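*Asks:* What follows is each chain in one-letter form.
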Amino acid sequence: MMGLTRRAFLGRSAGGLGAMALSRLLGGDESVVPHFAPKAKRVVYLFQSGGPSHIDLFDYKPVMRELHGQELPASVRGGQRVTGMTAGQKSFPVLAPPFEFKQHGESGAWVSELMPWTARIADKLCFLKGVHTDAINHDPAITTINTGAMQPGKASLGSWLSYGLGSENRDLPSYLVLLSQGTGKDPGQPLFSRLWGSGFLPPSHQGVQLRPGANPVLYLQNPPGVDASTRRALLDDLAKLNGRHADATGDPEARTRIDQYEMAFRMQTSVPDLTDLSTEPEEVFSLYGPDARKPGTYAANCLLARRMLERGVRMVQLFHRGWDQHLNLDRELRAQSLDTDQPSAALVSDLARLGLLEDTLVVWGGEFGRTVYSQGKLGAPGSGRDHHGRCFTVWMAGGGIKPGITHGATDDWSYNVAEGGVHVNDLNATILHQLGIDHERFTYPYLGLDQRLTGVEESRVVREILA
Amino acid sequence: MFIACVLLQLSGTSPDGLDFSRDVRPVLAKHCFECHGPDAAARKGDLRLDLEEDVVRDRGGYSVVDREAPAESELLSRIHGGDAFFDAMPPEGEPALSDEELRVLERWVAEGAPWGEHWAFRPPVQSSLGGESGSVAIDLLVQERLRAEGLEAAPAASRSTLLRRVTLDLTGLPPTPEEIRTFLADDSPAAYEGVVDRLLASPRFGERMALQWLDVARYADTNGYSIDGGRHMWAWRDWVIDAFNANMPFDQFTVEQLAGDLLPDATVSSRIASGFNRNHMNTHEGGTIEEEYLVEYAADRVATTSQAWLGLTMGCARCHDHKYDPISQREYYQFFAYFNSITDRGNDGDGGKNSVPFIPVFSEEQGRRLEAFERERAEVLGFLDEMTPARAGRLEAWAESEARRAGSRPAPVLSPWSVAGPFRAESGEEAFRVNFGPEPGPVGQAKVEPDGGASEIAWVIREDLTDGVPHALPGVKASTYLKRAVECEEAGPLQLSFGSDDAIRAWWNGVLILDANVRRGVQPHQERVRVVAQQGRNELLVKIVNDSGPGGVFFELESSGPPVEVRRALAVEASARNEEQHLRLAAYHGSIDPALAEVRAELDLLRQEIDAIEQRPETTAMVMEERAMRRPAHVLMRGVYDQKGEEVQPGTPAALPPLPADARPDRLGLARWLVDPGHPLTARVAVNSYWQLLFGTGLVETPEDFGVRGSMPSHPELLDWLAVDFVGSGWDVKAMLRQMVLSETYKQDAAVGPELLARDPENRLLARGPRFRLQAEIIRDVALSASGLLSPLIGGPSGRPYQPDGLWREMSHYGSTPATEQIYVQDHGEGLYRRGMYTIWKRTVPPPILAAFDAPSREVCVVRRSRTNTPLQALVLLNETGFVEASRALAQRVLLGSSGADEARIAELYLLTVGREPAAGELEVVAALLERERARFAARPGDAEALISVGESPRAESLGAAEHAAWTLAAALMLNLSETVTRG
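Protein chains in written order, with the working numbering: chain Z, 83 to 549; chain G, 204 to 1187.
Isolated chain Z, as found in the complex (with noise of 0.2 Å):
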C-alpha cells in the first residue's frame, strides 16, 4: 500500500534519479530511512519570518534592567559584522524588553507578557537559547535555515523528508506549505518558493502550497459548467485512450499517469474535505481564537495544520510573515505576537489531546534573532532593534523533545552563546534524527558531491534535549 501511494503522489522521474534512488522514493526494498527506529512520525514547524526578538519574547535574565541605556561593551559586540542599517551607528546602547517577563510552570521558564497562551504550556516545550546563524540578512539567512546553506539550489528540510519518508495518507502531498502574513510590519520581508523547494531532489517532493479561497490547492477546481460526474466520465475516457497507448507502446509513464490522473481527481475531494473547518466545534474555535475563523490567518492555519497532520501528512511547515521590528519595536511585536501566541499553544495543547504530540515535532522559530542594542535613538517612539544571528531562541515540542526544559544559555547582554549553542544545522540534524534519520547518512549524489541537508561542515544532534 505504501509503496503504490509513494508512487501515485510522487510519481516517476525518469531525468533526475538512478536506479537506487528511484526504488527508494517507490518505497521498495533498498530504502534506506529511516536509519533507526523514529521518535516522530511528522513535524509541523511553525515559522516565524523576520525574526523575531529573543530578547523581548523568552530570552530574559533581569540584570538587563541594569544594562538599560549603557554602551554595549565592544568587548560583548567582539568586532564582529553587523549589518549595513547599523554599521553606521555611533552608539549601540542596551535596550532592555520594554515589556514584563515573569517564570512560569514548574520548569520556570522565563517568558514573555506578550505570550501568555505559550507562558501557560511552557511545561511542555523545550526552549532552545543559543541557536545561532552565520549570515545577517533576511534572504541568506532564511534559506540557511531551511535548505542548510545561504546560496539557492539546495533541497529543503521538508523535500528531503518527503523524500526520504514519503506519505502517510495517498490522498495528500507529504509537504503542506501555509503562508501567513503578520499585522505587525505588514508587507513583511518577502518569502521565497526556493524555502520549501527541492533544490537538485526531484520536483515532486517540493512543499505543496495550501492556500485559502476556492482553489486550496492551484487548479483544484473544476472549469466553470464542469462537475464531479462530467469529471469522472472524462477521466475515465481518458484511461481508455492512455490504458490504449500504454498497451500499443510500453510506455509505463503512461500507465503511471493513469494513476496521477485518479490521485488528482482523490485530491478533489480530500484537500476540500481538509480544509473545511465547519466540522470543527465551538471549543475549538475558542482554543485557537477568533482568528481561527478568517480564512488565511496564522491562526487558521495552524487549525488546518492539525487536521493536515492527523491525516498523516509528514510535514506542515507555515510561515508568518512580519516579525522583522527594526522599527516601532512595542507596537509591532504586540501585534506579532497577538496573531500567533494563542494559536501556536493551541495547536500543541490541541495535539496533546488528540493524543498526537508524542510522534509529532513541534518547532517554533525564525531565521535570527535581533540585537540587544537600539536600532535607532534608545527610548524613540520609532526605534527598533536590528537582525542577530549570533543567539535567538528556537522552542520544540513533542516527538520525543524533553519537555520542561531550558538548554543553552547566552551571556548577559544576550548577544553571544555563553552555553550549549546550537547552530542551524544542528537544528536541522535534530530534527532528522526524530524522524529517524541520521543526517550524515542521508544523501543524494548532485554536482558530484553527496549532497545533505546539513551541508560539508560537521553538524551534530542535540542529544541532551532529547527524552
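Hints should not be assumed to be uniformly reliable.
[Said to hold, decoys possible] Just the calculated beta-carbon pair ranges, DEER-fashion:
1. Glu501/Z with Glu632/G: 43 to 49 Å
2. Leu305/G with Asp329/Z: 39 to 45 Å
3. Gly464/Z with Pro645/G: 27 to 33 Å
4. Ser405/G with Asp329/Z: 44 to 50 Å
5. Arg413/Z with Pro835/G: 45 to 51 Å
6. Leu359/Z with Leu305/G: 56 to 62 Å
7. Leu715/G with Gly464/Z: 33 to 39 Å
[What the hints assert, rightly or not] Under 8 Å between C-beta atoms, here's a sample of chain G residues computed to sit facing chain Z:
8. Asp431
9. Gly913
10. Leu960
11. Ala961
12. Arg962
13. Thr1047
14. Val1087
15. Glu1125
16. Arg1135
17. Arg1139
Simulated from the structure, these hints should not be mistaken for lab results. Bear in mind that the values here come from a model prediction, so they are computed numbers and not experimental data. Backbone N, C-alpha and C define an ideal beta-carbon position, used for all residues, glycine too.
For this one, chain Z is given, so just place chain G on it according to the hints.
*Replies:* This is chain G only, laid out in the frame that chain Z set:
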C-alpha cells in the same frame, strides 16, 4: 552487409574487459578520494589514490598496489578487513564496498593495475569507421554496442510519429495538419530530409534551442534575492534566439557570451551577448555587505561557466580542494579571477532598474531614426567640409594670425587637488542633493549625524591624485569634494575629461558644467566637457558621490586652445604644409569660424534629436565590463568573502590543456582557450547537450558532471566521434543536429516490450527510439498551437498569462513600485498567448504552470531537468484557465474548420494534437463522449455557456453552446492525453 564489414574492423574492449577509467576509478573516487584524493587538506596517510605514482610507489617494503606481486598489495589487505596493525578500508562508519566493487578492485590488482587518465580529460579521438560520416557513423557506433549486447535496433517509427517527433524536437511545436498531409503524401526518399531542412530553417528553431540554453544561463525577469525585483534581460534572450537562427558557430557563440565586451571589434550585439554572465541573481536587500555578494556573483559565474562549457563541478573547489576531480582551491580562485573584476555592484538593481553595468538597447524603429539623424548629420558635416573661396580666405587669415601667436600660448598650470570629505548621508541620492559646504549656493544638512558643515571643512592637499588615471575614493553614501586652481596666461577653450564612481557634479568658476546622477564604476573619459578659461586663475570644483561599493575619480585636462596636431600644423610654414595639415587646419577652423555658426547650430539640433532617442532606449541590457583598476582575486578560506589568503592571477586548472603562452589574462583569453580545437571537454559537453535534447538523456547521463564522479558515456566512441566532427565542421550546430535526426537510431520506433524495458529502462542502449514527456513550455505551446491561439511574436518583453490571484502578493514585498514585480498584473490580448518560454519568470515564485511540469526556478544553472509525473500536473491540464480556453478554441477550430461528420472532426482533433489519424477504437471513445456531453449540455445550457466562456479570446457566437461545450470536452480529452504531452 556493408555495416557488418565495417564493424569487424572496429576494435574495442570486449564487454567483459576491465577498463580502469570506466570501472575502477569510479569505485576509488566513490569510496576513497575523500581522504586519499586531490584535496590536500583532507588527505590522510600521505596517500593519493588518484595518482598512479603514489599508488605503486614503494612505501618502505610495501606498496598500496604491488604490480610485481599483486597479492602483496596493501590495498587488498585493507579492503578485506585489514589486520592487527592496519585498519580496514573504508573505515567503520563509511559506506562499505559492495561485493561487485570488491571484485572490481581485486581483479584490477590481479591484472597488474593498469592505469589511465580520466576519459574526459583526454582529447577525443575519432574512429575512422571506414570513412563513413554523418548519420551513418552515428548508426555504426550505436549498432556496434547493440551487437555487443546481443540486441537489435527497432524498426523505424511510423512516418507520422517521426514527423511529430522531429518537429517538436527542432521547433518545440507540433506539426500542422497541412504539414502532416504534405509529408505523408510525399513518398520520395528525400521527403524526410526536406522536412528536417525546413525545420532547421524555421525561426522557431532558434526559440527551441534558446529554451534549453535559458536554463543553463539561469535567465529570468527578476533578481532573485530578497524582494526579487524586476530586471530586463530579454535583449540577451533575443540575442540567443537570433544566434541559433543564424546558425552562429558554437565557438563564436561561446566567445561572445563569455567575452563579447572584450572583443577588439565589440559591437552592441556582442556586448549584449556578454550578459550571459550577468544573468545570475543579485541582491538589493538593505544591510547587505557588498563585498560578500560580489564574491557570490563571481562564484556563480564560475559554477555556471564551468558547468555549461566544461561539464565540471568547479563550485566544489570553492571552500577546499575538489574532493574528486583535479581542481585545487587555488585553481578555483584563478578561474574566479577571470570574473572578479567587473564594474558591478554587490547591492544594486532596486526599483525595477537593471543593475550596473548595463547598456542601452534601441528598437529597430529607434535604430532607423538614429541612423537617419546620423546620416543627416554626416551631410551637414560634409557641408562643413566644403571649401568655398570665401571660407578659404577666412581660413588663411586665421591661420596666419594664429601661427604668429603660436609658441606664445603656454599650457595652463594646474595646482594639485585639494580634497574634503567624505561627507555621509542617508543615501546616495541624498548625498548627491545636499550641499555639504563647498558648492555654490546655500549649504544643506544631511539627515545623518553631523559630520561636517561649511565651517568645519578641512581641505587636504593630495599630490597623489595624478591626472590621467582612475583613483579610488573612500566613503559610502557619501560625497567627496575635489578642487584645484587652473592658471591660464590667456583666455581660451579647454577640454576637460572626467570619470567617476558613482555620481558626479563639476563647477568651473562657480558655474555648473557637469551634472550626472549615475551609478557606475569609474572609467577614463566617461564625460568630456569644453569650457572657456579666463585669463589668470580659474577654479575647478568636483563632487563625487559614492552610493555603494568603492568610489573613484578620473580627471584629465585634454586640451587647451587648438589641439596639438593643429598647433603643429600651424608651426609649419604655410607653403610647406602638406595635404593632411591643410585638412586639419580647415577642420578646426570650421569648428570656430563665426561665419559657420548657423551650420553648427543645425548640428546641435541634430545632436539633440539623437540625444532624445538615446536617452530613451527601448530597453537596457546588463553586460560585462572590466574595472579600470583591477580588483585583485584571493584564495578565500572556506570560501568566505573576508577570509583572504594568497592573491592569485587568472588561470585555468593544470589538469586541462595549458593556456597558450600569449593568451590574454582575461575572459577573452579564457573563452578562446575553451574553444581551442584541442580542448577535451568543450565539444564533448556541447554535443552531449544536443544528444540530450533529441534523445531525452545525454550519452553522458550527468551533463553537469564530466568529472570522475559523473557517469561514464554510454557510447564513448560515439561521443568522441561527434565531438571531433563538431569541431571539424567549424562548430556547425545545425549540421550536428541534422545528422543526429537523420540517423536510423533517432528514427527508431519507441515502442518497447516488457523484456527490453526491464533490461534497459532508461534506453541507454538505444535499442528503441527515444520517448519522453515534453518539457513544461512545450506542453503549453502544443495546446496553444493546436487551438490556434498561439502568438507568432518572437522575442521582446515577457508576457503575463493567466495566473491565480495573489500568487505573488502572498509572498512578495507588495507596496513597492510596479516595476519591482511584486504584484502580478495579467496581460490581455496577445500577451496571454505567447510561447511558454516568454512567460514572465519571477525567481521566487516561478510560473506555476511551468513549475508543475518541473521547470527549475532559474536561481542557479541547470543543465538537465527532471521529468516527474504528478497529480498536480493533471490539475493544470484539466483546470487551468489557459488550458481550458485552449480546449474551447481547439473545439471551435475543428467545428469551423472541417465540415460534416463527427468522424472527420475527431480525425482533425487527432491530427492537431497527436499528429496522426485516430484508430477505430479511439474514434468510438471520443464519439461516445460527444454524444453523452451533447445531451448533458443540452439539458443544462448554463453549464455549456459557462464552459465556453472561459478565457478572454473571443468565441464564434454562431456555434451552438451545447455543441461547442461538448466539443470543448472532447478537445480537453485530447490535450490531456499522455500521448499529447509526450513526444514518442
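*Asks:* Now tell me, hint by hint, if it's right for this structure.
*Replies:* For each hint, the structure was consulted:
1. Glu501/Z with Glu632/G: 43 to 49 Å: Since glutamate 501/Z and glutamate 632/G have Cβ atoms about 46 Å apart, the given range 43 to 49 Å holds.
2. Leu305/G with Asp329/Z: 39 to 45 Å: Holds, at about 43 Å.
3. Gly464/Z with Pro645/G: 27 to 33 Å: 29 Å, holds
4. Ser405/G with Asp329/Z: 44 to 50 Å: Violated - the Cβ-Cβ distance for serine 405/G and aspartate 329/Z, about 35 Å, lies outside 44 to 50 Å.
5. Arg413/Z with Pro835/G: 45 to 51 Å: Roughly 48 Å apart at Cβ, these two residues keep to the hinted range, so it holds.
6. Leu359/Z with Leu305/G: 56 to 62 Å: The hint (56 to 62 Å, Cβ to Cβ) holds, given that leucine 359/Z and leucine 305/G are roughly 59 Å apart.
7. Leu715/G with Gly464/Z: 33 to 39 Å: 37 Å, holds
8. Asp431: 6 Å, holds
9. Gly913: Interface hint status for glycine 913/G: holds (7 Å vs cutoff 8 Å).
10. Leu960: This interface hint holds because 6 Å falls under the 8 Å limit.
11. Ala961: 10 Å, violated
12. Arg962: Hint on arginine 962/G: violated, closest Cβ of chain Z at ~12 Å, above 8 Å.
13. Thr1047: Holds, about 4 Å.
14. Val1087: Check passed: Cβ of valine 1087/G comes within 4 Å of chain Z, closer than 8 Å.
15. Glu1125: With Cβ-Cβ at 6 Å, under 8 Å, it holds.
16. Arg1135: 6 Å, holds
17. Arg1139: Nearest chain Z Cβ about 7 Å off; hint holds.
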